[in-house]
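Trainee: Now for the letters of each chain:
Protein chains: 2
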Amino acid sequence: MLATETEADFSAWMGGIQVRIEAALARVLPGHQHAPARLHEAMRYATLEGGKRVRPLLVFAAGEWAGAEPARLDGAACAVELIHAYSLVHDDLPCMDNDVLRRGKPTVHVEYDEATAMLAGDALQTLAFQLLAERATDVDAARQLDMLRTLAVAAGSRGMAGGQAIDLESTGKALSQPELEYMHVRKTGALISAAVKLGALCGGPCPAALEQYAHRIGLAFQVVDDVLDAEASTATLGKTAGKDSRQGKPTYVSAMGAARAKEFAAELRHGAHAALGTLGGNTRRLRELADFIVLRKF
Amino acid sequence: MLATETEADFSAWMGGIQVRIEAALARVLPGHQHAPARLHEAMRYATLEGGKRVRPLLVFAAGEWAGAEPARLDGAACAVELIHAYSLVHDDLPCMDNDVLRRGKPTVHVEYDEATAMLAGDALQTLAFQLLAERATDVDAARQLDMLRTLAVAAGSRGMAGGQAIDLESTGKALSQPELEYMHVRKTGALISAAVKLGALCGGPCPAALEQYAHRIGLAFQVVDDVLDAEASTATLGKTAGKDSRQGKPTYVSAMGAARAKEFAAELRHGAHAALGTLGGNTRRLRELADFIVLRKF
Chain A
1 MLATETEADF SAWMGGIQVR IEAALARVLP GHQHAPARLH EAMRYATLEG GKRVRPLLVF
61 AAGEWAGAEP ARLDGAACAV ELIHAYSLVH DDLPCMDNDV LRRGKPTVHV EYDEATAMLA
121 GDALQTLAFQ LLAERATDVD AARQLDMLRT LAVAAGSRGM AGGQAIDLES TGKALSQPEL
181 EYMHVRKTGA LISAAVKLGA LCGGPCPAAL EQYAHRIGLA FQVVDDVLDA EASTATLGKT
241 AGKDSRQGKP TYVSAMGAAR AKEFAAELRH GAHAALGTLG GNTRRLRELA DFIVLRKF
Chain B
1 MLATETEADF SAWMGGIQVR IEAALARVLP GHQHAPARLH EAMRYATLEG GKRVRPLLVF
61 AAGEWAGAEP ARLDGAACAV ELIHAYSLVH DDLPCMDNDV LRRGKPTVHV EYDEATAMLA
121 GDALQTLAFQ LLAERATDVD AARQLDMLRT LAVAAGSRGM AGGQAIDLES TGKALSQPEL
181 EYMHVRKTGA LISAAVKLGA LCGGPCPAAL EQYAHRIGLA FQVVDDVLDA EASTATLGKT
241 AGKDSRQGKP TYVSAMGAAR AKEFAAELRH GAHAALGTLG GNTRRLRELA DFIVLRKF
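Protein sequence lines, in the order shown, are assigned to chains A and B.
The first sequence begins at 1 in my numbering and counts up by one.
The second sequence begins at 1 in my numbering and counts up by one.
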């Protein structure tokens, strides 16, 4: 295929998964016809019509590599996206980042209120684990428990929540690159990696090369986020731009400068490709997603 | 046995479980030697040395009835207690009940800060699901998934978190007894019931009569809580007394008066005993816990 055909094919695949995930999320989130209506509305508001769905895309890309059933991947993709959505709702609260704009819309506590936002985040987390624990006839129960543990470890105090705690502590401090990496491997990388592993686990075990790929794109995702926060506009991002430097948060841009941060992202992209090279099988979507994550403009 | 001997025996059993659970919680909660230290300290502060451990006691009572392994009950009891601890931390935050005292100590956001309290609650919830998903050789994986679903449904938007959302919405309103029950069956009852079911599931399936018992003591627990909030002192409770009426929260005391609320608790206790009567097997601890829940003074 020509480069433009390849790109069009990837875009079509990505669009298909995004539509599929939107429908799956709309199905698993309780509607406002179920009490408490306001809480359920806030949960849907926080989750639906939002974001690039990078984590679900990774679940599907890894799942397709592993030969997993698409219907099974829906549950895993929704679970990881619900954890991501909960973390954004809590992250935006006044006691954390105090942000008013997310995905081009008012944040949940602005649209509803702080207490509802907190409870909506809490219940989104619970729903993620409930989904992964649902009875499945096509995955053996022991592997389902592996998936639950993978998501819990990635989300917990030594994963995503731990990364956010380190982020809070380090505001206003200059961090070295290894310290930054330590924080971001937890804050962003853990859940990105978990998405890849969950997709693979839907089909079979997750090999070390795939974990290596997952680690590298998780880090690359954050490096690119930092570059975009420094260089893109609020309108393009759909969230407040330039926030990190105003809040005195250590970023890859503040630690190494924008030019070196971009080089670092490119190195991680090549490293991710290299990991896939040792993997075998159809790694096309995984390769394309590594490109998408590093080359995106929003 | 004489009445006093029976009481002494129950006290000894209860004290033994409480010590056992304290040790198990101290073991499963990451220590401050693991980064992020402050987050892990806050999680331990929120959970250890606190409370009557009613939910773990119910896990053990139901587990002993079901003939489950004590080592297996530790995990289930810790999981349900971690969910309870997380809910208290978030409930006490300024955007919710804004309380400064819990279990005779400053609340987590007072001792640490709001952001740390929110993240500690988040991570306690995650840890609960992680524990239940841990590999166990003596419980089959499908039953472990049942336990995970039971806890998730009880904690989520149609269980505990949903009950808290209804509680928020109903502050300042007079609720009828059915409305109050609807709220409290979710807010308190769901997790109490889940504790009983989790204990039973450690040994085998959970029969309907045990679910009925669980439902009744869950409701009784809240009715007695409302009576104590109205009548006991802050010193006795270890948390701010008289808070409900000051906050205009609907309670069983405001809905039906203290005398009728006490009668209602007594009826629920007898109903719980009646459910056990149809169950068979050794229901002694379950019976004693129904008495303890209704007759407690703090």
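Keep in mind that the hints were calculated from the coordinates and are not lab data.
Among the clues, some could well be false.
[Stated by the list, open to error] A few chain B residues that face chain A, going by a derived Cβ cut-off under 7 Å, partial list only:
id	residue
1	A3
2	A37
3	L39
4	C95
5	N98
6	V139
7	A141
8	L145
9	R149
10	A161
11	G162
12	I166
[What the hints assert, rightly or not] Quick list of the computed label-pair ranges, beta carbon to beta carbon:
id	chain 1	residue 1	chain 2	residue 2	range
13	A	G31	B	T278	56 to 62 Å
14	B	G204	A	G277	49 to 55 Å
15	B	K297	A	V19	56 to 62 Å
16	A	E231	B	L48	24 to 30 Å
17	B	E231	A	K52	53 to 59 Å
18	B	S176	A	E179	34 to 40 Å
19	B	R260	A	V19	52 to 58 Å
[Said to hold, decoys possible] Derived pair list, reagent style DMTMM-like, types lysine to aspartate or glutamate, alpha-carbon separation capped at 25 Å:
id	chain 1	residue 1	chain 2	residue 2
20	B	K243	A	D113
21	A	K249	A	D229
22	A	K173	B	D113
23	B	K52	B	E22
24	A	K249	B	D244
25	B	K173	A	D113
26	B	K105	B	D140
27	A	K249	B	D140
28	A	K243	B	D229
29	B	K243	B	E231
30	A	K249	B	E114
31	B	K297	B	E5
32	A	K243	B	E22
Since the structure is predicted, the reported quantities are computational estimates derived from the model, not experimental observations.
Ideal placement from N, C-alpha and C gives every residue a C-beta, glycine not left out.
Trainee: Please flag the earlier hints that this structure goes against, numbers listed from lowest up.
Mentor: 1, 2, 5, 6, 13, 16, 18, 24, 26, 27, 28 and 32
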